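J.: Sequence:
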Amino acid sequence: MQIAYSGQAESFQETSGGIALTFGLAILIVFLVLAAQFESFIQPVVILLSVPLAAAGALVTLFVLGEAVNIYTQVGMVMLIGLMAKNGILIVEFANQLRARGKDVREAVIEASAVRLRPILMTVMSTVLGAVPLVLSSGAGAASRFSIGIVIIGGFMAASILTLFLTPVLYDLLQRDREDERSEDTRATPEPA
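For the sequence shown, the residue numbers in our numbering are 1 to 193.
Hints were generated in silico from the structure; no laboratory data involved.
This one's a predicted model, so the numbers in the text were calculated from it and none came from an experiment.
One should not assume that every hint holds.
[As the list claims (entries may be wrong)] Below 20 Å or equal to it, Euclidean Cα-Cα: the simulated SDA-like pairs (lysine to any residue) are:
(1) K86 / A114
(2) K86 / L164
(3) K86 / I27
(4) K86 / D104
[As the list claims (entries may be wrong)] Label pairs and their calculated CB-CB ranges:
(5) A35 / A142: 33 to 41 Å
(6) S138 / A100: 49 to 57 Å
(7) S138 / D104: 48 to 56 Å
(8) I161 / A100: 22 to 30 Å
(9) Q97 / A142: 22 to 30 Å
(10) E107 / L166: 16 to 24 Å
(11) I161 / S6: 34 to 42 Å
(12) V64 / E39: 36 to 44 Å
Note that CB positions come from ideal geometry on N, CA and C, so glycine has one too.
When you get a sec, could you build the whole thing from the sequences and use the hints?
T.: Right, here's the structure in full:
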């Protein structure tokens with residue numbers, strides 16, 4: 001007994017075969033660029049942990065609206081990877097600047113989150129409002145634009161709200177662990193005689 005796909009299912013099978021590779025490469029490229037920018041492997045992890053939140057928000061939106069995952073929703077999800085990284089970058093970069101001025105990890109991330117809240121919310125609003133015409137469009141190609149639009153709106157809103165809380169907490173935890181390891185290494189290293 002053999003199962004054969006036809007129609008949209010067959011098309012989806014053909015087009016989505018490499019989507020895991022595409023997502024993986026997109027995340028890897030963004031991670032490497034962020035690692036080079038921040039000269040750290042920990043801070044890009046803090047930033048990119050918002051990506052699963054964006055994907056979850058997009059999938060919940062698709063489910064609520066009764067839409068199927070298709071090639072256009074997958075394109076929207078790849079777009080979310082880059083869009084979501086930007087919000088985390090705003091918090092992490094400003095916290096790093098405050099740390100360079102001598103602030104404690106927790107003070108720096110709290111101030112960075114407070115100062116960057118308005119720019120992040122403005123970015124969320126402009127992105128969501130910019131995607132509304134995609135959702136409301138009609139005519140040829142409206143279905144594909146609708147798919148991309150709802151993925152962007154649902155994923156970006158859900159992940160942005162959660163990122164405002166998650167990024168500062170993860171930054172604080174991971175930076176404190178990193179500082180604790182450095183202080184242990186400093187204490188463990190004997191001074192030359």
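J.: All hints are to be evaluated individually against the structure, with a verdict given for each.
T.: Here is how each hint holds up against the structure:
Between K86 and A114 the CA atoms are separated by roughly 16 Å; this keeps the pair inside 20 Å, and the hint holds. Restraint check: the Cα-Cα separation between K86 and L164 comes to about 12 Å, which is no more than 20 Å; the hinted pair holds. In summary, the hint linking K86 to I27 is supported, as the alpha carbons are separated by about 13 Å, within the 20 Å threshold. Annotation: proposed proximity of K86 to D104 is violated, straight-line Cα distance about 24 Å (limit 20 Å).
A C-beta distance of roughly 40 Å is found between A35 and A142, which places it inside the suggested range of 33 to 41 Å. Evaluation of the 49 to 57 Å hint for S138 and A100 yields a pass: the beta carbon distance comes to about 51 Å. Restraint check, S138 to D104: a C-beta distance of roughly 54 Å satisfies the suggested window 48 to 56 Å. In this structure the hint that I161 and A100 lie 22 to 30 Å apart at CB holds, the actual value being about 29 Å.
For Q97 paired with A142, a C-beta distance near 44 Å fails the hint of 22 to 30 Å. Under the hint 16 to 24 Å, the C-beta atoms of E107 and L166, about 19 Å apart, fit the expected range. Between I161 and S6, the C-beta spacing of about 40 Å keeps the proposed range 34 to 42 Å intact. Take V64 and E39: their Cβ atoms lie about 41 Å apart, and the range 36 to 44 Å holds.
The structure fails to meet hints 4, 9 from the earlier list, while all remaining hints are met.
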